[in-house]
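Modelling step: build the complete structure from the supplied sequences, incorporating the hints.
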Amino acid sequence: MNNSVIVIGGGISGLLTAYLLSKQNIDVTVLEKDSAVGGTMKTVPDNGWLIETGPNSALETTPLIGEIISSLGIESQRIYANEQSSKRYIVKNGTLLPVPMDPLSFIRTKLWSAGGKLRLLKEPFIGRGNSEETIAQFVERRLGKEFLDYAINPFVAGVYAGNPETLSVKHAFPKLYALEEKYGGLIKGMIGSRRERKARKEIAKDRAKLFSFHDGMQSLPVNISRALGTAIINESTVESVIPMKVGNRPIYTVTFIQNGERLKLEAPVVVLSSPADATASIIEKIDPETASVLRSIYYPPVAEVFLGFADKQINRNLDGFGFLVPAVEHKNILGTIWSSSLFPNRAPRDHIALTTFVGGSRQPELTEFDDDEILKIVLDDLQALMQIEGKPVYQKIARWKRAIPQYNLGYGKILDKITRFEDNFQGTFVASNYRGGIAVGDCFMNSDKTCKKIVDYLNRDHS
Numbered sequence: 112m113n114n115s116v117i118v119i120g121g122g123i124s125g126l127l128t129a130y131l132l133s134k135q136n137i138d139v140t141v142l143e144k145d146s147a148v149g150g151t152m153k154t155v156p157d158n159g160w161l162i163e164t165g166p167n168s169a170l171e172t173t174p175l176i177g178e179i180i181s182s183l184g185i186e187s188q189r190i191y192a193n194e195q196s197s198k199r200y201i202v203k204n205g206t207l208l209p210v211p212m213d214p215l216s217f218i219r220t221k222l223w224s225a226g227g228k229l230r231l232l233k234e235p236f237i238g239r240g241n242s243e244e245t246i247a248q249f250v251e252r253r254l255g256k257e258f259l260d261y262a263i264n265p266f267v268a269g270v271y272a273g274n275p276e277t278l279s280v281k282h283a284f285p286k287l288y289a290l291e292e293k294y295g296g297l298i299k300g301m302i303g304s305r306r307e308r309k310a311r312k313e314i315a316k317d318r319a320k321l322f323s324f325h326d327g328m329q330s331l332p333v334n335i336s337r338a339l340g341t342a343i344i345n346e347s348t349v350e351s352v353i354p355m356k357v358g359n360r361p362i363y364t365v366t367f368i369q370n371g372e373r374l375k376l377e378a379p380v381v382v383l384s385s386p387a388d389a390t391a392s393i394i395e396k397i398d399p400e401t402a403s404v405l406r407s408i409y410y411p412p413v414a415e416v417f418l419g420f421a422d423k424q425i426n427r428n429l430d431g432f433g434f435l436v437p438a439v440e441h442k443n444i445l446g447t448i449w450s451s452s453l454f455p456n457r458a459p460r461d462h463i464a465l466t467t468f469v470g471g472s473r474q475p476e477l478t479e480f481d482d483d484e485i486l487k488i489v490l491d492d493l494q495a496l497m498q499i500e501g502k503p504v505y506q507k508i509a510r511w512k513r514a515i516p517q518y519n520l521g522y523g524k525i526l527d528k529i530t531r532f533e534d535n536f537q538g539t540f541v542a543s544n545y546r547g548g549i550a551v552g553d554c555f556m557n558s559d560k561t562c563k564k565i566v567d568y569l570n571r572d573h574s
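Once you know that position 187 of the sequence shown is 298 in our numbering, the rest is easy, because the numbers rise by one and skip nothing.
Think of the hints as simulated: they come from the structure by calculation, not from any bench.
These numbers were taken from a predicted model, which means no experiment stands behind them.
Hints should not be assumed to be uniformly reliable.
Claimed, not checked - Derived pair list, reagent style DMTMM-like, types lysine to aspartate or glutamate, alpha-carbon separation capped at 25 Å:
{"hint": "1", "residue 1": "LYS221", "residue 2": "ASP492"}
{"hint": "2", "residue 1": "LYS512", "residue 2": "ASP388"}
{"hint": "3", "residue 1": "LYS563", "residue 2": "GLU171"}
{"hint": "4", "residue 1": "LYS203", "residue 2": "GLU276"}
{"hint": "5", "residue 1": "LYS233", "residue 2": "ASP213"}
{"hint": "6", "residue 1": "LYS528", "residue 2": "ASP559"}
{"hint": "7", "residue 1": "LYS423", "residue 2": "ASP491"}
{"hint": "8", "residue 1": "LYS293", "residue 2": "ASP527"}
{"hint": "9", "residue 1": "LYS198", "residue 2": "ASP326"}
Structure below.
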């Protein structure tokens, strides 16, 4: 019996799934439309600058990350962020204020008023919600408006480039939602969930180590690609996936274009790891209804602005991860990562590298500005917030027209539709960041789950 697997999409989810399957001695082929794998996980070295045009780092939230890095033989390339990386800033009244990390700094912080802090003390006594809520509704109900404006709003912009007024708390932040559902409150839940995480061998995000690689995040997909070798077929645009009944289980014919030639591959298992719109086009012929649902997933545009300065141009200590900007501050940027403060090798000697994000769900129209206009609005904000003098000595802009899938209110219906698709077309598995979480750690865990499901399916008696 043919037990091969075709993985469509060579982003990090597809690569990880393929790699884990290969470790199970399963014959796997990856079809990737671009000339290089990795999806948005790309690193550009340029005369001493190291530019991340996608994820700048990742949190080691599961032991699986370390296990895979070890199996790839790249432990020596992994680097952890310095101890200051846990320090984050939020803009309030045009000033960068540190996020309090202990009770004393919480009491002293000016991020929230005395009334706002007292409002947090009510949290254990607030009942459960009655219906699915947005993150904004959930947080304002449990923690108050100030905490929404000056903690959750900027955090959501930093993680999702999203809007808490539209994102579903149940699906975008399922662990937060689960604290209320299971324990009746966030504070009670944080205490109880620590024991459960330990049992699951998961690490809380506030305790997980931030890591990258000496040559940037692209080292991960590059080394997985090397391990997979000829199993990856680049510059292959998949047109369709069509099932055929062979015996008691379907065999899928995958049609793709490479170098102008239409080619076909067959396998009993197909993993769909491309972005939602690409997957929609691929399954259109066999399930137009699911294709339409996938196209409804919103990916806001984001511009990533990489700027380099000489040390002497910045008149403040960059002692942390960076800062986030609440919507109520009415700035043009979502936030800035102090890239060269986190990891070595990000800027030439005596220089500083900054990565700033523009657009997202908050202000998608800003990504339509030309490069000069984007540079101007970014510099205007940075010069005001960080006491920067003069113009950057280096600049580069990366644009993502469709950046991060938004798990908006009602997202459960989309997930249910995906599950029904897999049920209707046995042997298909959807593994992408629009399902199960957008973080790098989520992609690791979801790829591992997908691999285990596939192994179980292939070992099942289909007679």
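Hint check results:
no., hint, verdict
1, LYS221 / ASP492, "holds (21 Å)"
2, LYS512 / ASP388, "holds (12 Å)"
3, LYS563 / GLU171, "holds (21 Å)"
4, LYS203 / GLU276, "holds (20 Å)"
5, LYS233 / ASP213, "holds (19 Å)"
6, LYS528 / ASP559, "holds (22 Å)"
7, LYS423 / ASP491, "holds (18 Å)"
8, LYS293 / ASP527, "holds (22 Å)"
9, LYS198 / ASP326, "holds (24 Å)"
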